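Colleague: Use the sequences and the hints to build the structure in full.
Those protein sequence lines, which keep their order, are chains A and B.
Taking this note's numbering, the leading residue of the first sequence gets 1, the next gets one more, and so forth.
Taking this note's numbering, the leading residue of the second sequence gets 1, the next gets one more, and so forth.
Read the hints as simulated data drawn from the structure, not as lab findings.
These numbers come from a predicted model, not from an experiment.
Careful, some of the hints might be misleading.
[Claimed, not checked] Capping the alpha-carbon separation at 25 Å, the derived lysine to aspartate or glutamate pairs in DMTMM-like fashion look like this:
id, chain 1, residue 1, chain 2, residue 2
1, A, K272, B, D117
2, A, K266, B, D113
3, A, K45, B, E137
4, A, K45, A, E242
5, A, K266, B, E180
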Amino acid sequence: MSPGRRSPGNDPAPVRWGLTLTALSFLALFVALPLITVFVQALAKGWSTYWTAIREPDALAAIRLTLLATGIAVLLNSLFGLAAAWAVTKFQFPGKNVLITLIDLPFAVSPVIAGLIYVLVFGTQGWFGPWLGQHNVRIIFAVPGIVLATVFVTFPFVARELIPHMQARGTDEEEAALVLGAGGWHIFFRITLPNIKWSLLYGVILCTARAMGEFGAVSVVSGHIRGETNTVPLHVEILYNEYNFAAAFAVASLLAVLALVTLAAKRLLEGKVRQDAVEVPEA
Amino acid sequence: MEECLTGSISLESERRTVRFKRPGILPGFWPALGFSLLYLSLIVLVPLSAIFLKTATASWAHFWAAATSPPVLASFRLSFGASFIAALVNAFFGFVLAWVLVRYRFPGKRLVDALVDLPFALPTAVAGIALTSLYTENGWLGRLLAPWGIRVAFTRLGVLVALIFIGVPFVVRSVQPVLEDADREIEEAALSLGANRWQVFTWVVFPLVRPALLTGFAMAFARGLGEYGSVVFIAGNMPMRTEIAPLLIITKLEQYDYTGATAIALVMLVASFLLLLGINLIQWRSRRFAEAA
Numbered sequence: 001m002s003p004g005r006r007s008p009g010n011d012p013a014p015v016r017w018g019l020t021l022t023a024l025s026f027l028a029l030f031v032a033l034p035l036i037t038v039f040v041q042a043l044a045k046g047w048s049t050y051w052t053a054i055r056e057p058d059a060l061a062a063i064r065l066t067l068l069a070t071g072i073a074v075l076l077n078s079l080f081g082l083a084a085a086w087a088v089t090k091f092q093f094p095g096k097n098v099l100i101t102l103i104d105l106p107f108a109v110s111p112v113i114a115g116l117i118y119v120l121v122f123g124t125q126g127w128f129g130p131w132l133g134q135h136n137v138r139i140i141f142a143v144p145g146i147v148l149a150t151v152f153v154t155f156p157f158v159a160r161e162l163i164p165h166m167q168a169r170g171t172d173e174e175e176a177a178l179v180l181g182a183g184g185w186h187i188f189f190r191i192t193l194p195n196i197k198w199s200l201l202y203g204v205i206l207c208t209a210r211a212m213g214e215f216g217a218v219s220v221v222s223g224h225i226r227g228e229t230n231t232v233p234l235h236v237e238i239l240y241n242e243y244n245f246a247a248a249f250a251v252a253s254l255l256a257v258l259a260l261v262t263l264a265a266k267r268l269l270e271g272k273v274r275q276d277a278v279e280v281p282e283a
Numbered sequence: 001m002e003e004c005l006t007g008s009i010s011l012e013s014e015r016r017t018v019r020f021k022r023p024g025i026l027p028g029f030w031p032a033l034g035f036s037l038l039y040l041s042l043i044v045l046v047p048l049s050a051i052f053l054k055t056a057t058a059s060w061a062h063f064w065a066a067a068t069s070p071p072v073l074a075s076f077r078l079s080f081g082a083s084f085i086a087a088l089v090n091a092f093f094g095f096v097l098a099w100v101l102v103r104y105r106f107p108g109k110r111l112v113d114a115l116v117d118l119p120f121a122l123p124t125a126v127a128g129i130a131l132t133s134l135y136t137e138n139g140w141l142g143r144l145l146a147p148w149g150i151r152v153a154f155t156r157l158g159v160l161v162a163l164i165f166i167g168v169p170f171v172v173r174s175v176q177p178v179l180e181d182a183d184r185e186i187e188e189a190a191l192s193l194g195a196n197r198w199q200v201f202t203w204v205v206f207p208l209v210r211p212a213l214l215t216g217f218a219m220a221f222a223r224g225l226g227e228y229g230s231v232v233f234i235a236g237n238m239p240m241r242t243e244i245a246p247l248l249i250i251t252k253l254e255q256y257d258y259t260g261a262t263a264i265a266l267v268m269l270v271a272s273f274l275l276l277l278g279i280n281l282i283q284w285r286s287r288r289f290a291e292a293a
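Modeller: Spelled out as structure tokens, the structure:
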């Protein structure tokens with residue numbers, strides 16, 4: 001790595017410059033420019049328009065619904081992630097690899113199809129549609145459907161962060177505690193959880209970001225009722241389709257800030273997550 | 001499965017270590033596994049099976065007609081074609097980006113590295129409206145392209161641009177760790193044996209990175225197939241021209257044509273499962289290769 005030494009890394013200057021320029025131009029054109037656009041357009045009509053768009057009742061209702069769906073999705077998927085990781089990494093059983101593959105399944109499913117499957121199950125013409133209709137329960141075009149769709153698309157995030165790290169940790173510490181007489185919950189809260197806290201937080205952050213930004217799946221099951229079944233991304237869509245560009249970008253800028261915070265948190269946590277995988281020496 | 005079931009029932013048996021294999025000595029296996037399987041079934045497996053069961057209950061003729069009507073075929077051509085080209089573009093530029101990030105030093109490198117993940121983090125609807133406003137005729141980029149007669153917004157080119165955006169991180173993030181781990185001494189050896197740089201690249205570096213590159217390509221392709229939010233705004237959604245398959249699913253649902261929507265979904269689902277299988281196969285083969293080496 002030392003500069004000046006002739007090694008393959010020290011490509012000739014024209015190659016180095018050419019490749020760096022190509023890579024940076026591509027990234028600037030396709031990634032940085034759209035991000036900058038969001039903020040420029042959001043403030044195109046001044047701060048007062050910006051604040052009005054964000055504090056409008058429909059926008060606030062959308063923010064509340066997004067926070068509700070995100071909260072439920074993150075909680076449920078974290079519980080699932082912990083349970084699945086405990087089963088998969090602390091025990092040996094047949095079919096384990098199948099289970100790990102199935103956990104990733106929602107990533108292979110288009111968000112639109114994720115919405116569609118709940119319509120097929122709970123919609124008026126779906127499996128439980130008639131029964132739900134009789135009992136006056138609405139799932140599709142209502143809040144429960146939005147929560148379900150959000151849970152589906154964020155399903156793997158926590159589990160897939162936890163599994164490799166808990167795998168790397170092994171079971172020695174837990175087994176030692178067991179031999180010393182500790183109970184199951186005691187072992188989990190005093191040994192396992194402190195060991196994986198950063199990975200858990202990392203998974204939760206990725207899960208939160210995706211849950212708040214989900215569009216396709218939620219779009220299918222929402223019904224787009226203003227102030228009732230609109231999440232923040234759906235609210236952005238409605239404003240945009242009404243040619244209310246400044247307001248659409250103002251609300252969108254909230255989501256863009258969220259994305260930037262997520263990226264920053266990811267960077268900060270990456271070093272800590274690596275610590276989770278290695279044994280910390282006794283002090 | 002049987003072995004493990006009987007093993008847990010006879011926990012108290014002294015002979016268990018001889019005759020039965022227990023999953024492990026720690027507590028909580030059955031509650032953890034039970035909850036995981038129940039939750040997985042309720043949220044993912046049962047709803048997903050609705051697609052297959054719905055297809056099974058529809059008559060074959062009806063299903064075939066729905067899956068092969070001209071607008072549906074046009075949407076498949078667009079979705080598969082644009083996703084494929086976008087993944088190719090990302091394979092090239094993603095490789096260059098990974099190379100530059102691993103091998104060179106330049107100011108702002110950490111920022112650039114973080115920016116690569118933006119398409120993962122930025123909600124797709126936000127990306128969609130941002131790209132649209134960039135490429136419309138008054139947009140920053142649309143204005144520059146208009147004199148050449150190139151229109152991006154509301155054309156197939158727009159679909160491609162959106163799919164390139166969302167696919168950026170896949171190739172970079174799959175190639176980057178392989179390049180970082182690559183043993184530079186092999187390259188030095190090749191150089192000292194008289195190979196030129198291009199030969200070192202094609203015969204030493206590229207074969208090493210190829211599985212990761214293919215994986216990244218396949219993941220970007222699969223993501224492009226299912227993408228909705230970033231595409232619908234810039235595509236303009238003109239029937240037969242710029243309608244992607246996921247949009248057509250929504251259109252069919254809005255017309256209460258559940259069979260039609262399910263038929264399209266099934267084709268897309270099978271395509272992404274095949275891609276997932278392909279990705280796993282590539283990774284399995286390269287892992288075996290690495291172990292053998």
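Colleague: Of all the hints given earlier, name the ones this structure violates by number, lowest first.
Modeller: Every hint satisfied by this model.
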